[in-house]
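K.L.:
Make the full structure from the sequences, and use the hints.
The chain contents come next:
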Amino acid sequence: GENVGLHLPTLSVQEGDNSIINCAYSNSASDYFIWYKQESGKGPQFIIDIRSNMDKRQGQRVTVLLNKTVKHLSLQIAATQPGDSAVYFCAERGNQGGKLIFGQGTELSVKP
Amino acid sequence: DAMVIQNPRYQVTQFGKPVTLSCSQTLNHNVMYWYQQKSSQAPKLLFHYYDKDFNNEADTPDNFQSRRPNTSFCFLDIRSPGLGDAAMYLCATSRITGYGYTFGSGTRLTVV
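Protein chains in written order, with this note's numbering: chain A, 7 to 118; chain B, 578 to 689.
Hint data in this document are derived by calculation from the structure and do not stem from the laboratory. Among these hints, one or two may not hold up.
[Claimed, not checked] Covered, in the sense of this in silico footprint (three residues per stretch, anywhere, with C-beta under 8 Å from a C-beta of chain A), are these stretches of chain B:
no. : stretch
1   : 614-621
2   : 680-688
[Unchecked claim] Under the rule of at most 27 Å between Cα atoms (straight-line distance), these lysine-lysine pairs were calculated in the BS3-like manner:
no. : chain 1 : residue 1 : chain 2 : residue 2
3   : A       : K77       : B       : K615
4   : A       : K62       : B       : K594
5   : A       : K77       : B       : K621
6   : B       : K621      : A       : K74
7   : A       : K62       : A       : K77
8   : A       : K105      : B       : K621
9   : A       : K105      : B       : K629
10  : B       : K594      : A       : K105
11  : A       : K48       : B       : K615
[Unchecked claim] Which residues of chain A face chain B? A partial, calculated answer using Cβ under 8 Å:
no. : residue
12  : Y31
13  : K48
14  : G49
15  : G104
16  : L106
17  : G109
18  : T112
Ideal placement from N, C-alpha and C gives every residue a C-beta, glycine not left out.
P.N.:
Written out as structure tokens, the structure is:
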């Protein structure tokens, strides 16, 4: 059968609350970071990105924070809705050919 | 709408029987990628094409091959699928390496 998958970190929030999803990236030379949302059975969907010369970027209901000192990325979702329930992945563009490398996902569950 | 299309959405193949997954794009992007995603794990890059230049990841098994006959199409060939190859296979495109990815919906491969 299939390989047993890893257990994803899970974040459970109440509808209307704010959510914060964290990610530790590996390469201090990475210059570009993206957050993706992946719903069950679908491909990753772009949410927001940030370049390494910035430490904060805001979108509609989402904010990405970058702390290069500790190689940490976070995604903040304001007023979380049931439709936000999904797995969220961070990805970094490294310096080895510039490919995107994905970090471990976090499963967000929104309770109505 | 311009997009990345993967066919089929679901593929069942027999152990050891060659299988081909397809990806097409209408974005006219230069780069096409294949990722493997196992249950509850992050997508893992197998290889990518920049135009006709093929770039294999160091840890991609020889069992996995790819073809890109033209800008629009890219194929993933699994020569002798094993049970451990059961996964979601994601195709993505970008204009330049590492920026502005567009993902397809994926093909879920089952090996019996």
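K.L.:
State for each hint whether it applies.
P.N.:
Do the hints match the structure? See the list:
1. 614-621: holds (count 7)
2. 680-688: Coverage by chain A holds here, the residue count being 5 at a Cβ distance below 8 Å.
3. K77(A) with K615(B): Given that 27 Å is the threshold and the Cα spacing comes to 26 Å, the pair holds.
4. K62(A) with K594(B): violated (49 Å)
5. K77(A) with K621(B): Judged against 27 Å, a Cα distance of about 21 Å means the pair holds.
6. K621(B) with K74(A): holds (24 Å)
7. K62(A) with K77(A): holds (14 Å)
8. K105(A) with K621(B): The hint holds at about 11 Å.
9. K105(A) with K629(B): holds (17 Å)
10. K594(B) with K105(A): violated (31 Å)
11. K48(A) with K615(B): holds (13 Å)
12. Y31: Constraint on Y31(A) not satisfied, violated at 12 Å.
13. K48: holds (6 Å)
14. G49: holds (4 Å)
15. G104: holds (4 Å)
16. L106: Holds - the Cβ of L106(A) comes within 8 Å of chain B, reaching about 6 Å at its closest.
17. G109: At 6 Å from the nearest chain B Cβ, G109(A) passes the 8 Å test, so the hint holds.
18. T112: At about 11 Å, which exceeds the 8 Å cut-off, the nearest Cβ of chain B leaves the hint on T112(A) violated.
Comparing the model with each numbered hint stated earlier shows that hints 4, 10, 12 and 18 do not hold.
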